[in-house]
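Asker: Let the sequences and hints guide you as you build the complete structure.
The listed protein sequences derive, respectively, from chains A and B. So the first sequence is numbered by our numbering: it starts at 1 and just counts up by one. So the second sequence is numbered by our numbering: it starts at 1001 and just counts up by one.
Keep in mind that the hints are not guaranteed to be accurate.
What the hints assert, rightly or not - Simulated crosslink set (SDA-like; lysine to any residue; CA at most 20 Å straight-line):
{"id": "1", "chain 1": "B", "residue 1": "K1139", "chain 2": "A", "residue 2": "E3"}
{"id": "2", "chain 1": "B", "residue 1": "K1014", "chain 2": "A", "residue 2": "E3"}
{"id": "3", "chain 1": "B", "residue 1": "K1139", "chain 2": "A", "residue 2": "T98"}
{"id": "4", "chain 1": "B", "residue 1": "K1156", "chain 2": "A", "residue 2": "S43"}
{"id": "5", "chain 1": "B", "residue 1": "K1014", "chain 2": "A", "residue 2": "T98"}
{"id": "6", "chain 1": "B", "residue 1": "K1204", "chain 2": "B", "residue 2": "L1106"}
{"id": "7", "chain 1": "B", "residue 1": "K1139", "chain 2": "B", "residue 2": "L1106"}
{"id": "8", "chain 1": "B", "residue 1": "K1014", "chain 2": "A", "residue 2": "S9"}
Claimed, not checked - Now the in silico label distances, taken between C-beta atoms and shown as ranges:
{"id": "9", "chain 1": "A", "residue 1": "P68", "chain 2": "B", "residue 2": "P1177", "range": "40 to 46 Å"}
{"id": "10", "chain 1": "B", "residue 1": "G1025", "chain 2": "A", "residue 2": "C76", "range": "33 to 39 Å"}
{"id": "11", "chain 1": "A", "residue 1": "P68", "chain 2": "B", "residue 2": "M1001", "range": "33 to 39 Å"}
Calculated from the structure, these hints are not laboratory results. Only a predicted model underlies this, so the values are computations on that prediction, with no experimental measurement involved. Where a beta carbon is used, it is the ideal one built from N, C-alpha and C, also for glycine.
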Amino acid sequence: MHELSIVSSVVDTVTESVAAYPDARVLEVRLRVGVLTSVVVDSLEFCWGIATEGTPLEGSRLVVTMVPVLMHCDKCAADVELDGVQSFRCPRCGEPCTDLRQGRELDIESFEIDEVEEKVKA
Amino acid sequence: MTTRIVELRQGILKKNDELARGLRGRYTAAGVLVLNLVSSPGTGKTAFLERTLRELLARGFRAAALVGDLETDNDARRLAASGAPVRQINTHGICHLDAEMIDRHLAGWEGVELGGLDYLFIENVGNLVCPSSYDLGEKIRVALLSVTEGEDKPLKYPTLFNSADAAVITKIDIAEPCGFDRELALRNINEIRPGIRIFETSSKTGVGMEGWLAYLEEQRLIRAS
Chain A
1 MHELSIVSSV VDTVTESVAA YPDARVLEVR LRVGVLTSVV VDSLEFCWGI
51 ATEGTPLEGS RLVVTMVPVL MHCDKCAADV ELDGVQSFRC PRCGEPCTDL
101 RQGRELDIES FEIDEVEEKV KA
Chain B
1001 MTTRIVELRQ GILKKNDELA RGLRGRYTAA GVLVLNLVSS PGTGKTAFLE
1051 RTLRELLARG FRAAALVGDL ETDNDARRLA ASGAPVRQIN THGICHLDAE
1101 MIDRHLAGWE GVELGGLDYL FIENVGNLVC PSSYDLGEKI RVALLSVTEG
1151 EDKPLKYPTL FNSADAAVIT KIDIAEPCGF DRELALRNIN EIRPGIRIFE
1201 TSSKTGVGME GWLAYLEEQR LIRAS
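Answerer: Set out below in structure tokens:
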């Protein structure tokens, strides 16, 4: 259960970034999570409310996009998407694959804020 | 009110990854081979490491270990009996080691300098899920599996086995009474991590340790050159 640590990192990073937009409220945070990270999305969402309390992220939505595993198959000379994570073989030709190209992402993609009218500088 | 989307495109574990990169650089500069041992609780990581340390010291190598547990320094005391320098890391509830903990425990480790070591072992907290996300700067991640655990462990925890550089099967001396299906276990490991080096060992009898020690030596020489 390291989802709380992960969510806390997200909250810290976004809190730092949002400091550049005074009085802004965070509406939504978008993550990209690889299938090969063992991160449980339900647990992320469960921790989200607790971890954002009392921060500029309080009340925001968490949107997680799962990223499938892509392996490079030498035999097919192509990147191939795996159906699951129970067998690391090329789904086209059955060759074992070791060259991972995608699926371990654990990234903050973006966040959305609402801004109060920007103050006009004199 | 206007809304705005701020693009970040940043790794969530960026801080850990940056620290781990720094550690990796330090290990390389010091010429020490660093291994991260990961398994479920009860696989026999500590017994395996104790035997490994004893064998390495007997061969004149300089080896040390950092050992992670939620609580107690029992493992550090067990490992210290090998004669190698050992330092306990207590995570107090955190289910994995991270790069910051390693960095902090390397600092001020009395009598131990990275440059004075051939091997540094990091025994992770017993957990097959969370340690896979945290880079400790290690060169080799070792996934351990005992014959008492079931041959489908690699299929149940693909994230960890897929990220490993070597696999060790422990307690091979009791494989038969446990009804351990060796062929199936090897096939499952290979299905998740094709071509991975696999060592079948017993920390009690010493079976398979020669091959493991030869691998350590080979990897140390590769990494050092």
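Asker: Going straight from one Cα to the other, do B:K1156 and A:S43 come out at no more than 20 Å?
Answerer: The hint holds at about 19 Å.
Asker: Has the given pair, B:K1139 with A:E3, been kept, meaning a C-alpha gap of at most 20 Å?
Answerer: violated (25 Å)
Asker: Using the beta carbons of A:P68 and B:M1001, state whether their distance is inside 33 to 39 Å or not.
Answerer: About 37 Å separates the Cβ atoms of A:P68 and B:M1001, which means 33 to 39 Å holds.
Asker: Would you check the hint for B:K1014 and A:S9, treating anything up to 20 Å between C-alpha atoms as holding?
Answerer: Given pair B:K1014, A:S9 holds - Cα atoms ~9 Å apart, limit 20 Å.
Asker: Measure nothing beyond the straight line between the CA atoms of B:K1014 and A:T98; if it is 20 Å or shorter, mark the hint as holding.
Answerer: It is violated: about 25 Å lies between the C-alpha atoms, which goes past 20 Å.
Asker: Please work out if B:K1014 and A:E3 have their alpha carbons no farther apart than 20 Å.
Answerer: Distance of about 15 Å is within 20 Å: holds.
Asker: Could you see if the CB distance from B:G1025 to A:C76 stays within 33 to 39 Å?
Answerer: holds (36 Å)
Asker: Please verify whether B:K1139 and B:L1106 have alpha carbons no more than 20 Å apart.
Answerer: It holds: about 17 Å lies between the C-alpha atoms, which stays within 20 Å.
Asker: For the hint 40 to 46 Å, verify it against the beta carbon of A:P68 and that of B:P1177.
Answerer: Holds, since A:P68 and B:P1177 (Cβ atoms, about 42 Å apart) stay within the stated range.
Asker: Given the hint that B:K1139 pairs with A:T98, test it: the Cα-Cα distance must not exceed 20 Å.
Answerer: holds (17 Å)
Asker: Run the distance test for B:K1204 versus B:L1106: straight-line Cα separation, threshold 20 Å.
Answerer: violated (30 Å)
The earlier numbered hints that this structure contradicts are 1, 5 and 6.
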